[in-house]
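**Q** Spelled out, the chains give:
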Amino acid sequence: MDAMVVNGWTWGLVILSAACLAVVWAVPTPRGRGPRAVGLGALLVPVTALYLWAAGLTAPFALTYQVTPTPSGSNQLTQTGTLLFGATNPGESFWLGMLIVSVAAVVTALAPRQAAYAAAAGLLVFGLWQSREAASFESGFQVHWFNWLVASTWRALVWVLALASITGGFWLTRRTIVADLRARKTLTDRVEQLTDTRAVAVDAAAAELRRLERDLHDGAQARLVALGINLRTAEKLIRTSPDAAAALVAECRETSAQALADLRDLVRGIYPPVLADRGLGDAVRALALDCPVPVVTEVSLPGRPPAPVESAVYFAVAEALNNVAKHSGATHALVRLAYTDGMLRAEITDDGTGGADAHNGTGLAGIEHRLGAFDGILAVNSPVGGPTIVVIEVPCALSSPRISTC
Amino acid sequence: MRVVLAEDLYLLRTGLERLLAEHGLEVIESVDNGPALLRALTERQPDVAVVDVRLPPTFTDEGLRAAIEARRQVPGLPVLVLSQYVEQLYARELLADQAGAVGYLLKDRVFNDDQFTDAIRTVAKGGTVMDPEVVGKLLGRRARDEPISRLTAREREVLALMAEGRSNSAIAQRLRVSEKAVGKHSTSIFAKLDLSPSDDDNRRVLAVLAYLNA
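Chains B and D supply the protein sequences, listed in that same order.
For the first sequence, the numbering used here gives the first residue as 33, with consecutive numbering after it.
For the second sequence, the numbering used here gives the first residue as 16, with consecutive numbering after it.
Just so you know, these hints were derived from the structure itself, not from any lab.
All of these numbers come straight from a predicted model, not from anything done at the bench.
For every residue, glycine included, the Cβ atom is placed at its ideal position computed from N, Cα and C.
Watch out, some of these pointers could steer you wrong.
Unchecked claim - If you only want the chain D side, here are some residues facing chain B, beta carbon under 8 angstroms, derived:
no., residue
1, Leu24
2, Tyr25
3, Pro72
4, Thr75
5, Asp76
6, Gln99
7, Gln103
8, Phe126
9, Asp129
10, Lys152
11, Arg156
To be verified - Over 12 angstroms on every C-beta distance to chain D, these chain B residues come out as not near it, computed from the model:
no., residue
12, Ala237
13, Glu245
14, Glu400
Unchecked claim - DMTMM-like cross-link-like pairs, simulated, lysine to aspartate or glutamate; straight-line CA separation at most 20 angstroms:
no., chain 1, residue 1, chain 2, residue 2
15, D, Lys195, D, Glu161
16, D, Lys122, B, Asp294
17, D, Lys152, B, Asp294
18, D, Lys122, D, Glu37
19, D, Lys122, B, Glu283
Can you build the whole structure from these sequences, using the hints too?
**A** Structure (structure tokens):
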């Protein structure tokens with residue numbers, strides 16, 4: 033076979049492999065490189081087979097070939113380079129081809145579990161290196177760098193190892209894909225859960241806005257209208273009957289105080305000022321102070337949770353304490369607030385009669401939904417006869433470490 | 016009477032300045048943020064300070080913190096804290112030093128300028144003034160407790176007014192009874208709550224608040 037032609041074969045394989053790599057890399061995959069590696073394998077196997085067929089199927093397994101001549105006295109690096117890009121017989125090209133397949137697979141996967149490919153590549157490189165060292169470059173005949181593979185007693189073992197490594201590589205990749213499918217299932221479940229909690233959160237936000245609108249409309253707004261009317265009347269009366277005007281103005285003052293009270297209640301429902309001022313720890317202490325049932329608080333927060341989480345947990349604790357005061361018949365309650373391992377945990381315990389149910393119109397269901405938006409949970413343990421324990425857990429990060437005051 | 020005023024909203028600040036001036040209270044300095052308030056309180060040591068809870072730079076409880084810090088440096092410095100909302104927690108913090116000369120009122124109380132300026136004068140004289148809403152919450156919390164539940168309805172009214180910081184004569188006027196009757200109620204309340212009676216208005220208020228806050 034003409035030396036120049038075979039040289040072309042090697043180049044051909046390099047280009048084909050690169051093309052396969054490019055094609056596989058360009059295909060979008062949902063997750064990771066595992067599917068790409070398999071895709072590359074699937075492409076490279078027929079490509080290599082085609083190549084072998086074109087190069088002469090029997091060539092790699094023949095016992096003797098003309099070794100590619102390399103300049104005598106050159107170092108091993110130069111010799112290897114010559115082999116890679118200047119091989120002059122199909123046998124050498126075959127082994128180089130296998131080498132390229134393995135290296136490409138490793139490059140594609142670039143993952144520890146693809147180490148099997150690396151092992152295959154290593155074996156082949158080792159063979160290349162070894163035989164090159166042993167070859168007699170002067171003679172140029174009968175000595176091959178792959179002689180040790182096809183003629184030595186190691187032959188069988190190396191073949192088995194190389195094949196096992198490549199098979200192992202593909203098997204591991206398959207496992208990756210299975211794991212990928214499982215991950216996809218988890219992702220699908222998660223997406224469903226997020227869709228649900230988002231819908232609930234959006235509904236809740238909309239309902240909240242409607243409530244605010246109604247409260248403003250019927251409360252402060254209405255009072256301000258009344259205020260305007262009364263002031264206008266007072267203005268008219270001020271000369272003719274000052275006493276009536278004074279009475280009206282006094283009424284106006286009362287109305288404005290009422291409007292303020294309405295707005296204050298509204299603000300408290302939106303975002304309690306003490307929460308804005310002091311954060312969750314003191315806000316919960318303030319809740320405890322406002323509760324008609326004596327409440328002991330134990331707070332251990334090394335920083336502040338994100339504001340939406342603070343708010344959700346605050347209203348959760350408020351609702352729980354509200355239930356304690358209204359339904360439990362408790363004489364004492366305990367609120368514990370702590371943060372450990374990325375989890376904010378609030379625990380409300382009372383010594384009441386128990387029998388509380390989170391899904392039975394206690395207002396806790398709404399709280400549960402609100403917490404759900406942060407992947408938080410609410411659990412109620414309330415055997416008949418008590419005690420009742422409400423546990424709220426929300427995963428979150430704490431910011432700007434600041435020791436809660438007092 | 017020299018007053019330091021802390022309020023960040025221009026309209027409210029000027030309104031309060033005018034109101035105080037009309038009642039013969041001299042505003043020696045008006046500030047609109049926490050650090051300036053602390054400096055004004057400690058350096059000028061006014062007869063009384065009227066302080067909004069929420070002030071720049073943090074727009075949280077800057078005013079309250081400055082007031083508490085100033086009272087730490089100048090014990091008993093009279094401070095009347097105003098707020099759009101009242102918290103028992105903050106009332107507690109203000110009362111914690113047991114020094115008196117504090118007030119904690121909703122901003123709405125300013126509408127009744129006579130009562131408001133009376134409150135300022137009470138605080139300036141070392142008295143304690145608590146917003147009815149705070150007292151209501153305190154009483155609400157303790158309503159089921161044994162000694163409080165033994166008070167008569169009238170006695171509870173008197174107790175609430177005492178806790179707000181009103182004198183016997185003010186209570187008498189408010190309830191339309193004689194001062195002597197108020198005195199009788201007050202003695203009975205102190206006996207039922209097991210508190211040592213005191214003729215001193217200021218000490219009486221502190222004792223009642225300490226009892227309710229316990």
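**Q** Now look at each hint and say whether the structure bears it out.
**A** Against the structure, the hints come out as follows:
| no. | hint | in the structure |
| --- | --- | --- |
| 1 | Leu24 | violated (14 angstroms) |
| 2 | Tyr25 | violated (19 angstroms) |
| 3 | Pro72 | violated (14 angstroms) |
| 4 | Thr75 | holds (4 angstroms) |
| 5 | Asp76 | holds (4 angstroms) |
| 6 | Gln99 | holds (6 angstroms) |
| 7 | Gln103 | holds (4 angstroms) |
| 8 | Phe126 | holds (5 angstroms) |
| 9 | Asp129 | violated (12 angstroms) |
| 10 | Lys152 | holds (6 angstroms) |
| 11 | Arg156 | holds (6 angstroms) |
| 12 | Ala237 | holds (24 angstroms) |
| 13 | Glu245 | holds (21 angstroms) |
| 14 | Glu400 | holds (27 angstroms) |
| 15 | D/Lys195 / D/Glu161 | violated (27 angstroms) |
| 16 | D/Lys122 / B/Asp294 | holds (14 angstroms) |
| 17 | D/Lys152 / B/Asp294 | holds (17 angstroms) |
| 18 | D/Lys122 / D/Glu37 | holds (18 angstroms) |
| 19 | D/Lys122 / B/Glu283 | holds (18 angstroms) |
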